[in-house]
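Engineer: Sequence:
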Amino acid sequence: MSDLPFTLDQLRILKAIAAEGSFKRAADSLYVSQPAVSLQVQNLERQLDVPLFDRGGRRAQLTEAGHLLLEYGDRILSLCQETCRAIEDLQNLQGGTLIIGASQTTGTYLLPRMIGQFRQRYPEVAVQLHVHSTRRTSWSVANGQIDLAIIGGEVPPELQDSLEIASYAEDELALIMPVFHPLATNETIARSDLYKLKFITLDSQSTIRKVIDQVLARGGIETRRLRVEMELNSIEAIKNAVQSGLGVAFASTSSIEKELQMGVIHRARIESVEVKRTLSVIFNPNRYRSKAAEAFTKEILPQFTNRALEFKKASVKSNGKVNGKSNAEDKFSEDEFPEEKSTQATQETSATVPDKAKAAVDAEASR
Numbered sequence: 001m002s003d004l005p006f007t008l009d010q011l012r013i014l015k016a017i018a019a020e021g022s023f024k025r026a027a028d029s030l031y032v033s034q035p036a037v038s039l040q041v042q043n044l045e046r047q048l049d050v051p052l053f054d055r056g057g058r059r060a061q062l063t064e065a066g067h068l069l070l071e072y073g074d075r076i077l078s079l080c081q082e083t084c085r086a087i088e089d090l091q092n093l094q095g096g097t098l099i100i101g102a103s104q105t106t107g108t109y110l111l112p113r114m115i116g117q118f119r120q121r122y123p124e125v126a127v128q129l130h131v132h133s134t135r136r137t138s139w140s141v142a143n144g145q146i147d148l149a150i151i152g153g154e155v156p157p158e159l160q161d162s163l164e165i166a167s168y169a170e171d172e173l174a175l176i177m178p179v180f181h182p183l184a185t186n187e188t189i190a191r192s193d194l195y196k197l198k199f200i201t202l203d204s205q206s207t208i209r210k211v212i213d214q215v216l217a218r219g220g221i222e223t224r225r226l227r228v229e230m231e232l233n234s235i236e237a238i239k240n241a242v243q244s245g246l247g248v249a250f251a252s253t254s255s256i257e258k259e260l261q262m263g264v265i266h267r268a269r270i271e272s273v274e275v276k277r278t279l280s281v282i283f284n285p286n287r288y289r290s291k292a293a294e295a296f297t298k299e300i301l302p303q304f305t306n307r308a309l310e311f312k313k314a315s316v317k318s319n320g321k322v323n324g325k326s327n328a329e330d331k332f333s334e335d336e337f338p339e340e341k342s343t344q345a346t347q348e349t350s351a352t353v354p355d356k357a358k359a360a361v362d363a364e365a366s367r
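Residue 80 in my numbering sits at position 80 of the sequence shown, and the numbers go up by one each step.
Hints are computed from structural coordinates only; laboratory data are not their basis.
It is possible that some hints are incorrect.
Unchecked claim - List time: in silico DSBU-like cross-link candidates among lysine-lysine, alpha-carbon distance up to 35 Å:
hint, residue 1, residue 2
1, Lys298, Lys198
2, Lys210, Lys258
3, Lys258, Lys276
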């Protein structure tokens with residue numbers, strides 16, 4: 001077999017340029033010089049004998065050949081990462097990396113406790129937590145960028161036949177109000193009282209706000225009749241506003257445990273109404289499942305729920321594509337909270353990450 005006309009480093013550079021839109025930003029993201037990036041691209045184009053970028057505009061645009069190489073390059077790099085981690089896994093939980101994904105609420109309030117328990121049992125395993133929207137997290141599982149995820153929203157319809165999905169637990173939405181609110185003397189309020197209150201909510205375009213509205217509607221609450229006085233961009237900001245007496249809000253019970261223990265907010269139940277949503281665990285059945293992922297699933301997850309995990313098996317094999325859509329064609333939704341977008345980058349819970357795994361993760365982060 002003749003030598004391949006490209007290297008893994010060249011594929012990483014191509015991927016970084018496509019993600020960043022310029023040679024300079026790609027060089028910065030890879031911690032190399034711009035001339036080095038340009039030289040690698042020139043060598044790659046010469047070896048393939050096709051142009052990969054249209055250099056006519058201000059932004060580096062892929063040609064048709066560039067898009068094709070990126071599509072296959074994505075899959076090659078993902079398999080390389082998977083190979084390294086499978087080899088690391090031979091150490092039988094004495095090393096390696098576990099990458100977990102989560103939607104905003106579960107990633108902020110539930111996963112840190114789970115990861116803490118896992119690290120106590122397996123201190124040699126580095127753990128990374130990726131917090132994104134439910135849609136983006138689901139695509140990351142489908143693309144093999146993370147091992148498993150716990151999400152609070154619905155898996156995108158186009159992925160439901162390609163992932164293993166298990167209902168994990170129920171997350172209840174609680175009505176919270178200032179401790180000095182007139183209704184705070186009551187443990188239960190009438191549903192009709194809701195429409196007289198001043199509500200503090202997330203931005204109407206945020207993913208979590210949409211999920212909350214859907215859950216409330218299923219509970220028989222007419223969200224259009226709720227009087228929204230203020231929209232904020234994070235759950236923490238909402239809790240602080242409620243404590244200050246600016247209004248009431250609905251929040252996940254997992255996000256208010258500390259405040260309830262401290263007695264700084266009051267939780268009121270709604271007569272004859274329970275507002276709950278289902279949390280799910282998702283895997284990609286076509287990807288290697290590490291021993292660390294198996295240990296997390298079997299030993300840690302059951303401690304936080306009374307449910308037995310019963311996965312809905314994927315009905316089709318994606319082979320790098322989901323419903324005919326390649327990894328390179330995947331478009332993520334970016335409707336997260338503005339101040340929390342920085343948390344969507346990898347959050348490492350270990351001070352040390354094996355060099356091989358870190359290099360693989362860095363390559364994916366340049367996407």
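Engineer: The structure should be examined with respect to each hint, and the outcome stated for every one.
Structural biologist: Hints versus structure:
Taking the CA atoms of Lys298 and Lys198, the gap is near 43 Å; set against the 35 Å cutoff, the hint is violated. Of the supplied pair hints, the one linking Lys210 and Lys258 holds, its CA atoms being roughly 25 Å apart against a limit of 35 Å. Between Lys258 and Lys276 the CA atoms are separated by roughly 20 Å; this keeps the pair inside 35 Å, and the hint holds.
Hint 1 alone, counting from the list given before, is not met by this structure.
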